[in-house]
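Listed here are the chains, written in short residue letters.
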Amino acid sequence: LDVITLTTDFGMGKYVAAIKGIILGINPGARIVDVDHNVRPQNIREGAYVLFSCLRYFPPSIHMGVVDPGVGAGRRNIIVECTDSLLVGPDNGLLIPASRVLGLKQVWEVKNPRFMRPKVSPTFHGRDIFAPVAAHLSLGVAPAEVGAPIEDFVGLDFGSHSVTEWEIRGQVIYVDRFGNLITNIPREAIEGWAQFGEELAIQVGGRAYAGPFQTTYSTAPKGSVLLTISSSDLLEVSVNMGSASQKLGAREGFEVVVGKT
Amino acid sequence: LDVITLTTDFGMGKYVAAIKGIILGINPGARIVDVDHNVRPQNIREGAYVLFSCLRYFPPSIHMGVVDPGVGAGRRNIIVECTDSLLVGPDNGLLIPASRVLGLKQVWEVKNPRFMRPKVSPTFHGRDIFAPVAAHLSLGVAPAEVGAPIEDFVGLDFGSHSVTEWEIRGQVIYVDRFGNLITNIPREAIEGWAQFGEELAIQVGGRAYAGPFQTTYSTAPKGSVLLTISSSDLLEVSVNMGSASQKLGAREGFEVVVGKT
Amino acid sequence: LDVITLTTDFGMGKYVAAIKGIILGINPGARIVDVDHNVRPQNIREGAYVLFSCLRYFPPSIHMGVVDPGVGAGRRNIIVECTDSLLVGPDNGLLIPASRVLGLKQVWEVKNPRFMRPKVSPTFHGRDIFAPVAAHLSLGVAPAEVGAPIEDFVGLDFGSHSVTEWEIRGQVIYVDRFGNLITNIPREAIEGWAQFGEELAIQVGGRAYAGPFQTTYSTAPKGSVLLTISSSDLLEVSVNMGSASQKLGAREGFEVVVGKT
Chain A
64 LDVITLTTDF GMGKYVAAIK GIILGINPGA RIVDVDHNVR PQNIREGAYV
114 LFSCLRYFPP SIHMGVVDPG VGAGRRNIIV ECTDSLLVGP DNGLLIPASR
164 VLGLKQVWEV KNPRFMRPKV SPTFHGRDIF APVAAHLSLG VAPAEVGAPI
214 EDFVGLDFGS HSVTEWEIRG QVIYVDRFGN LITNIPREAI EGWAQFGEEL
264 AIQVGGRAYA GPFQTTYSTA PKGSVLLTIS SSDLLEVSVN MGSASQKLGA
314 REGFEVVVGK T
Chain B
64 LDVITLTTDF GMGKYVAAIK GIILGINPGA RIVDVDHNVR PQNIREGAYV
114 LFSCLRYFPP SIHMGVVDPG VGAGRRNIIV ECTDSLLVGP DNGLLIPASR
164 VLGLKQVWEV KNPRFMRPKV SPTFHGRDIF APVAAHLSLG VAPAEVGAPI
214 EDFVGLDFGS HSVTEWEIRG QVIYVDRFGN LITNIPREAI EGWAQFGEEL
264 AIQVGGRAYA GPFQTTYSTA PKGSVLLTIS SSDLLEVSVN MGSASQKLGA
314 REGFEVVVGK T
Chain C
64 LDVITLTTDF GMGKYVAAIK GIILGINPGA RIVDVDHNVR PQNIREGAYV
114 LFSCLRYFPP SIHMGVVDPG VGAGRRNIIV ECTDSLLVGP DNGLLIPASR
164 VLGLKQVWEV KNPRFMRPKV SPTFHGRDIF APVAAHLSLG VAPAEVGAPI
214 EDFVGLDFGS HSVTEWEIRG QVIYVDRFGN LITNIPREAI EGWAQFGEEL
264 AIQVGGRAYA GPFQTTYSTA PKGSVLLTIS SSDLLEVSVN MGSASQKLGA
314 REGFEVVVGK T
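So the protein lines, in turn, are chains A, B and C. To convert, take the position in the first sequence, counting from 1, and add 63; that gives this note's numbering. To convert, take the position in the second sequence, counting from 1, and add 63; that gives this note's numbering. To convert, take the position in the third sequence, counting from 1, and add 63; that gives this note's numbering.
Keep in mind that the hints were calculated from the coordinates and are not lab data. Possibly wrong hints are sitting among the right ones.
Copies of one chain are not kept apart here, so a pair can be met inside one copy or by any two copies together.
Said to hold, decoys possible - Pairs of lysine to any residue residues, derived as SDA-like cross-links and limited to a Cα-Cα distance of at most 25 angstroms, are as follows: (1) K182 <-> T278; (2) K310 <-> A207; (3) K285 <-> E315; (4) K285 <-> R94; (5) K310 <-> N101; (6) K182 <-> A257.
Modelling step: build the complete structure from the supplied sequences, incorporating the hints.
Right under this line is the structure:
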């Protein structure tokens, strides 16, 4: 497992560089890939969504995730063993949605100081624990050498959605760079329920719009609201050639209701 | 061709990471280089300038570019075969100015689904078409296996400039991070016409300034307007130790007129 | 020395990409690591701090740093030979604090045009001098082949601190992404002087606060001011779950006085 991916809220800079230096010192052959270092500071749910939505596209890899408001306050450090890949990070839910996609087999608590740096900073486990653990795992060290199995790890999900004959309810879980609102409503829920091309009622944060359910952005008039399926197979509220977040004044956590007209 | 460069308007984050995951799954030996992911959303001209100005410094490589407002609306996907390198992206002009620098030999339309992901998202060809195509090309697959030659590809240029005895006219095509205004006026046009050290009249967006034509920034007084040759061999309007864009209120598209005083 | 790190004020984009292209053309096996490209434009001290705080975590490497307001104005280009690593960049102090950490042995002025690009842009030594020099060094070329030893290189430090029985004085040298204020007061100065858990008087920029000296952020009440040791072993003024920079209106250069209550 030569590939080691990194996802943090550190910003691209010297903290991430220190992590890479530690990894390359242990495994000079590691192929390090930056996934995202601009997770909003301490926003575990956003980090979890980033990991959830893109780790599935990687070959078998080591995935390190650090969004860690509880660092130094006693929360555990974990390895999540999945079908072909290993995830490393804090036990705060961050790694769990992605791990379920990758086939979660066993969670291990990191215990063995032999795979940590000799002196562990209480504020920078990314550098002193997760980086050396990830590098050793990429060299073939087994999770069982690094720690002990646990069952009571901290979970996290993206909330529930509901489907009735007349409406589907869910919520915005991510706003992308283009202002598209990604919801927690899966492709399966909407595809049987509405037809492509169908005009639907769309409520976001209590305000009402109407727009078509489409396979792509660009067939709608410029500036119009529309529903589409995101590249992560989730229902997405978009504005053609514009920002849905700005036009609808919506952000993460807003309720979304899609209804028959 | 182990090097695969990436230029997009996705922002550095999970979309780019998905592309890297797909590439590494197909060619684990690929050396992926991020060129720029902060092209302003859907700004094809800016993306084209980024590619134009820096691909020339790479060894023979695969270059993937994705600034793609028309994704899913029927525009073609292309490979541009150049003297030593291959470019992959949408058929919207994005790849063309750089390809001319690299020696454009033949444009191919991507056709063969064998080199795409099994299910192609209508909104994310970067992940589902361009990434696997780029990875296969880097493994030695020939463009002729992936598609068919076309002649009617979409072109793009950076506008024309004119030179008379008394003035040179062009336009701002890029504003860099320091606020320097890069124009479409080539080194050849200005170097014969003015002498280094000569004081010139400079109009930007209809407002008039005066400043010297210099070989470097730092010989001018702090805050003064000056003309120099950018590292891409284009005439550049700069402010020493400051931002020309801010001081002159100028941005991409503004007309630039340089005159004899 | 396969690893080449890059630290600049260019922003992640086409200028950095050009540098990577040049490096990969000379040494296709180079493992390029981005340290930070968002050093504030022309802020040599910030760049020096970035290098100082993170190069120590790398295995023996080539480190290239470019924050270079004097480019083209006659300042020298240097290689700093340290115990196991080599640094390349302008002779303006940028590389010196990090070099002292890595064991500065000898500074060399870059002289030999054989290791530069044939035509050197006066505004982009990063691409035309530092990149090819770094790539050749990573291939095993010795500094003595590239240049000549010098002794009168430009130095830089982070200011002094003072310790009395009643107070420690220093200054803010870096504000991180979370708004933590990193000072130039080393761990050794504070650890003997105060106890973990002790309540101290904290003056920042002339305004007075009080807060505990802690081993970590998260044991303090949310929003409260506290002192801790940064991951670089420097005293840090923080606000738990908040930004000290915002709350205290403080930035780089502000005086910090820690006193007994």
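Evaluation of the provided hints:
With identical chains, the CA atoms of K182 and T278 are at most 25 angstroms apart between copies only, with a shortest distance of 13 angstroms across copies and 53 angstroms within one. Taking the shortest alpha-carbon separations for K310 and A207, neither the intra-copy value of 51 angstroms nor the inter-copy value of 45 angstroms comes in at or below 25 angstroms. For the identical chains of this complex, K285 and E315 are neighbours both inside a copy (24 angstroms) and across copies (23 angstroms), given an alpha-carbon limit of 25 angstroms. Neither within a single protomer nor between protomers do K285 and R94 lie at most 25 angstroms apart by alpha-carbon distance, with minima of 42 angstroms and 38 angstroms respectively.
With identical chains, the CA atoms of K310 and N101 are at most 25 angstroms apart both within one copy (23 angstroms) and between copies (22 angstroms). Only between protomers do K182 and A257 lie at most 25 angstroms apart by alpha-carbon distance; the minimum there is 21 angstroms, versus 57 angstroms within a single protomer.
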